[in-house]
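Peer 1: Here's the letter readout for the chains.
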Amino acid sequence: MGSSIQKAIALILSADRELLNILGATARVSLTSSVIALLIGVPFGIALGACRFRGRGALVVINRTLMGMPPVVCGLLFYMLFSGVGPFRHLKLLFTVKLMIIAQVVLITPIVVGNMETYVAALAPSLRETARGLGFGRGKRFLLLVNECVYPIFSVYLLAFARAIAEVGAVSMVGGAIAWKTNVMTTAIMQYTNRGNFTLGIALGLILMALSLLVNVALSLLQRRLSR
Amino acid sequence: MRIAAFTKTYKGRLVLNMPETTLADGKITAVIGANGSGKSTLARVLSGIETADRKLHPLSGVAVGYMPQKSYAFRMSTERNIALNGGDAARRERLMNALRLQALGKQRAKKLSGGETAKMALARILMGRYELLILDEPTAAMDMESTLAAECLLADYCRESGCTVLLVTHSIQQARRLADEVIFLHKGEPVEQGETSTVLSTPAQPLTRRFLEFYGL
Chain A
52 MGSSIQKAIA LILSADRELL NILGATARVS LTSSVIALLI GVPFGIALGA
102 CRFRGRGALV VINRTLMGMP PVVCGLLFYM LFSGVGPFRH LKLLFTVKLM
152 IIAQVVLITP IVVGNMETYV AALAPSLRET ARGLGFGRGK RFLLLVNECV
202 YPIFSVYLLA FARAIAEVGA VSMVGGAIAW KTNVMTTAIM QYTNRGNFTL
252 GIALGLILMA LSLLVNVALS LLQRRLSR
Chain B
81 MRIAAFTKTY KGRLVLNMPE TTLADGKITA VIGANGSGKS TLARVLSGIE
131 TADRKLHPLS GVAVGYMPQK SYAFRMSTER NIALNGGDAA RRERLMNALR
181 LQALGKQRAK KLSGGETAKM ALARILMGRY ELLILDEPTA AMDMESTLAA
231 ECLLADYCRE SGCTVLLVTH SIQQARRLAD EVIFLHKGEP VEQGETSTVL
281 STPAQPLTRR FLEFYGL
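Protein chains in written order, with the numbering used here: chain A, 52 to 279; chain B, 81 to 297.
Just so you know, these hints were derived from the structure itself, not from any lab. Small disclaimer: the values here were computed from a predicted structure and weren't measured. Glycine residues also receive a C-beta, built at the ideal position from the N, C-alpha and C atoms. Just to be clear, a hint being listed does not mean it is correct.
Distance ranges between label pairs, derived from CB positions [to be verified]:
#	chain 1	residue 1	chain 2	residue 2	range
1	A	103	B	156	25 to 35 Å
2	B	94	A	138	51 to 61 Å
3	A	109	B	224	48 to 58 Å
4	B	135	A	82	48 to 58 Å
5	A	103	B	94	18 to 28 Å
6	B	143	A	103	21 to 31 Å
7	B	156	A	107	28 to 38 Å
8	B	209	A	197	22 to 32 Å
9	B	81	A	113	45 to 55 Å
10	A	190	B	186	20 to 30 Å
11	B	143	A	272	41 to 51 Å
12	A	210	B	135	37 to 47 Å
13	B	170	A	116	48 to 58 Å
In silico DSS-like links for lysine-lysine, alpha-carbon gap of 27 Å or less [what the hints assert, rightly or not]:
#	chain 1	residue 1	chain 2	residue 2
14	B	267	B	91
15	A	191	B	135
16	A	191	B	150
17	A	232	A	58
18	A	191	B	191
19	A	191	B	190
20	A	232	A	143
21	B	150	B	107
22	A	191	B	186
23	A	149	A	232
24	B	150	B	190
To be clear about the criterion: a stretch of chain A counts as covered by chain B if any three or more of its residues have a C-beta under 8 Å from a C-beta of chain B, and this derived list gives those stretches [unchecked claim]:
#	segment
25	177-185
26	189-202
The shape of chain B in the complex, shown without the other chains (with noise of 0.2 Å):
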């Protein structure tokens, strides 16, 4: 999946200046970076809540699907804001057997901890079908046996539906257990692309090399 260049100005002050970058279709990218690296508003420009410089769309055409790090809980139970985004019955019992949300079906989503909010959230956006999904740190809120569930459910709609994933963490084991690929930002650019195995052991820039260091790897 191509994404055209383009930039990305707060108040002046250049944020993001992505070149001409490609996904690995149906594969999940990682981006990885330190506060302030970017990713999020990679994300949030690519999913079209917020507008490139210009007004340009680096991705025309692409049925986009986005995660925010808070995600907005509606008016109306867990159940009701999962099937909100259409799908089946079978398929939305599913998600939630897996994220062990069953028992919060009936419940008010308002009333949902922040880790049951995200994984409600997670449900929610795996029930539609998109070419892109753009996920931004979706389970940072989550418990670790959580974690792993959400990845798995990751991975499995990925190889099922061939929908490219575009995932932002802060985890460098988390893209390490989860992505094909990685694209590691650094003030607002990307400093390094490729193979997750790759660019995780034997980074090719220094800059990545010194944020890879303070993870201890």
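Next up, chain A with everything else stripped away, as it sits in the complex (with noise of 0.2 Å):
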């Protein structure tokens, strides 16, 4: 185990290709999925908190629902309407890192939506009642409580960018974990351990932990910066 982590670290300080090629493909996937699971869900998550209107007890419903959605029910969704005998074999998605971020948007989107709607229902009683009793019409109504929300989005994006990368089922299935093309870390790291190359394995390991933390540590400090 130890001389496995201290390969690993050689590895990921010797720059390898292979290991680059993993990271950025990583890194383009969760970025982005979970940069458009943010900008659909944040206003949608907004609207379900604090808008109260027929239907809307059944899309909450809906909503925590497709938030426990198990990932490899998704991947498999997608593998069926994408295949070669799906409805939507023409458009050469599967095997791609379009579908592999299409995936994930559609299973980080309703944690976002979820999440904003949780917040933005407790406060906007409270904020709508100081906000109509002062006088503020709808739109001025709207930008306080968006004004409001500035810190739960952060939260939000931390928990959809921390899925994207950790996730695993979903992108196996569309992806296929194809080497130089479709392979994150964590599909790398499963076919590594597979075949019994640990210190990949642990490398990929030590890098997605380090990868999180970054994120986390630049998010945290932007966040204290914002609240001074």
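Two chains, each in its own frame: build the complex with the hints.
Peer 2: Here you go:
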């Protein structure tokens, strides 16, 4: 175990080309999918938390169900839709990074929506009452609500990114873990472990943890600076 | 100011049954009563936060300002929270000085204590111009010194702007100090309304008398 970690560190320091390729694919899939999920999920989550309309309860339940969707089910769904017998086969997206991103967005967006909805639903009544009492119109009330959501957006992004970077089920099914093309860190760790190549597996694991730590620290610092 | 008759029902339970009522224009009317008598519901319906039964609005075409029991401090400085409601810088300064908020102007409003938040919220609502201003226990979280300062500001606001004020309060002493008229609510119905000195010293209704006896009046 100790020698494997030493070898892994040496591999990281040597800037191994395969390792860099896996790292690049991982960054592309995780960052793109988490940002897209944030752009879709935040407005939808705010609207769901702040507005009262017929069918809202049903939408909340559906979203919570989607939050718990197993990644392999999502992967299976996309595999069936885009495989040689699926309705979207002509798009030729199966085993591409693009489809991995789409599958990740579908998995992560409900998490963003759910977290934003919970946060906004808790503060909206009191905020709305005060703002309406002051005679503010809908537009100003909405802007004030968005202003209240700056910190939760940071936390929700962290959550989305963590889910994206650690996800393995869906990306392995729709990406196929093809070396030099769609292999990301999680799928590569599985592959190398199955082959008995623990050194590369541990190296990737270490990078995965370090990346997660880096993103968390960067966003926490930014959040602290904004709160001053 | 005329308030049309209305009722308010929660889950089949009648919580407020208001006949047509008149508020003295440009004066302060205090609403007193025990817990659950419908004081806050009255304030919320008149301010439009809640709708009366059959979606009636008892006040139509009146510019209403409303300060809830627990006012929200927006994520910005105390000064900016107050400035949100318009008004000029001189007036803001005057209100902040009177409520001893000047040292907290640059501080984040979320970090204020309960009493300070109430003072900030009062200064904020007094920056606006309304025909009817409804305040739901605005001084409940304040100390005595701040309460007296807030009462002075409220009386000045009423006199200077000609605004009618409806003040929901638990404090009979506050009603006595500040209000021109009093409405006594009991189980969602106004039992007695009249000049403060008359209602509080020689109440006409036995229910009002019994309520005031609890306060040793």
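Peer 1: Which numbered hints does this structure break?
Peer 2: Of the numbered hints given earlier, the structure breaks none, since each of them holds.
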